[in-house]
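Turn these sequences into a full structure, and let the hints steer you where they fit.
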Amino acid sequence: MIFGNQIKIKLENIDNRVKISIFGYPKDISITALDFGKDLSRRKMEGYSPDPDEEIDVISGIKNEKTTGEDIIFLYEKGSFSSGLILAGVLAKKLLDYPIKATPLEIGGIFYGDKNEAYIRVAIQKMAITNDSLGSSLEMNLPSNVDLLKFKSLFSYISFSLIPEVQAIQFGLGTAASKKSYSNMPPIPKRVEVSLAPHFDSKIPALACIYDVVFESIAAITLINI
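Residue 157 in the working numbering is what sits at position 157 of the sequence shown, and the numbering runs on without skipping anything.
What the hints contain is simulated information worked out from the structure, not anything from laboratory work. In this text the structure is predicted, and so the values were computed from the model without any measurement. The beta carbon of each residue, even a glycine, is placed where N, CA and C say it ideally should be. The reader is advised that the hints may include incorrect statements.
Within a straight-line C-alpha distance of at most 25 Å, the following computed DMTMM-like cross-link-like pairs (lysine to aspartate or glutamate) qualify [as the list claims (entries may be wrong)]:
| no. | residue 1 | residue 2 |
| --- | --- | --- |
| 1 | K94 | D71 |
| 2 | K94 | D132 |
| 3 | K38 | E139 |
Derived CB-CB ranges, DEER-like [as the list claims (entries may be wrong)]:
| no. | residue 1 | residue 2 | range |
| --- | --- | --- | --- |
| 4 | L138 | K38 | 16 to 24 Å |
| 5 | K8 | G109 | 29 to 37 Å |
| 6 | S181 | G24 | 30 to 38 Å |
| 7 | G113 | P52 | 26 to 34 Å |
| 8 | V122 | D28 | 32 to 40 Å |
| 9 | P187 | G109 | 36 to 44 Å |
| 10 | G113 | L75 | 38 to 46 Å |
| 11 | T68 | Y112 | 34 to 42 Å |
Written out as structure tokens, the structure is:
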């Protein structure tokens, strides 16, 4: 599993450990154990807590609380891919000049808010008891001038290759997946949905010149050419 272009993140399972490799990260960036600890501590929730025996070893790339410019490699004992991504996210945030805040919108199909807090707690407790998982959706306060080239993934490459009128692009179940739990997830269709805003110049609804986009799979080939 590799994410990104300029900065690459690779996650690997090795026995009881997760190896996190981060390539292309600049040197002389200050980073401390406290930076990682603050974000890792947020994993705790009702009905779930991290393995108390987990341990993180820095193999290379960080020395005396500074990045060295070498590949940053962690070995995460009793860790998981999601916890490994938290480590990578802490480093990614260090490259930004502004704070990033994420606000939940829905958790397991339940709208987030004080009125629904009890329902969300029950859903999380049920998830933990049944060894299930919940979908969710959130929004982030990314400013318009953020350099997303550093953090692009495969799907975002496709989205960026389209045009300004494209407001949303959904793969498979799209946002409907955020309302599901793993146990009631239907088969994922081989489909892509592109939502268009009115043309920015002519103001004609859903009229835009989109580049040819071809999505191939064993089950389907879809050509979008509007």
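Taking the hints in turn, this is what the structure says about them:
1. K94 <-> D71: holds (16 Å)
2. K94 <-> D132: violated (33 Å)
3. K38 <-> E139: Holds, because 21 Å separates the two Cα atoms, which is no more than 25 Å.
4. L138 <-> K38: 16 to 24 Å: With Cβ atoms ~19 Å apart, the hint holds.
5. K8 <-> G109: 29 to 37 Å: holds (34 Å)
6. S181 <-> G24: 30 to 38 Å: holds (36 Å)
7. G113 <-> P52: 26 to 34 Å: Since the Cβ atoms of G113 and P52 sit about 32 Å apart, the hinted range of 26 to 34 Å holds.
8. V122 <-> D28: 32 to 40 Å: violated (48 Å)
9. P187 <-> G109: 36 to 44 Å: Taking Cβ atoms as reference, P187 and G109 lie about 19 Å apart, which means the hint is violated.
10. G113 <-> L75: 38 to 46 Å: holds (40 Å)
11. T68 <-> Y112: 34 to 42 Å: holds (40 Å)
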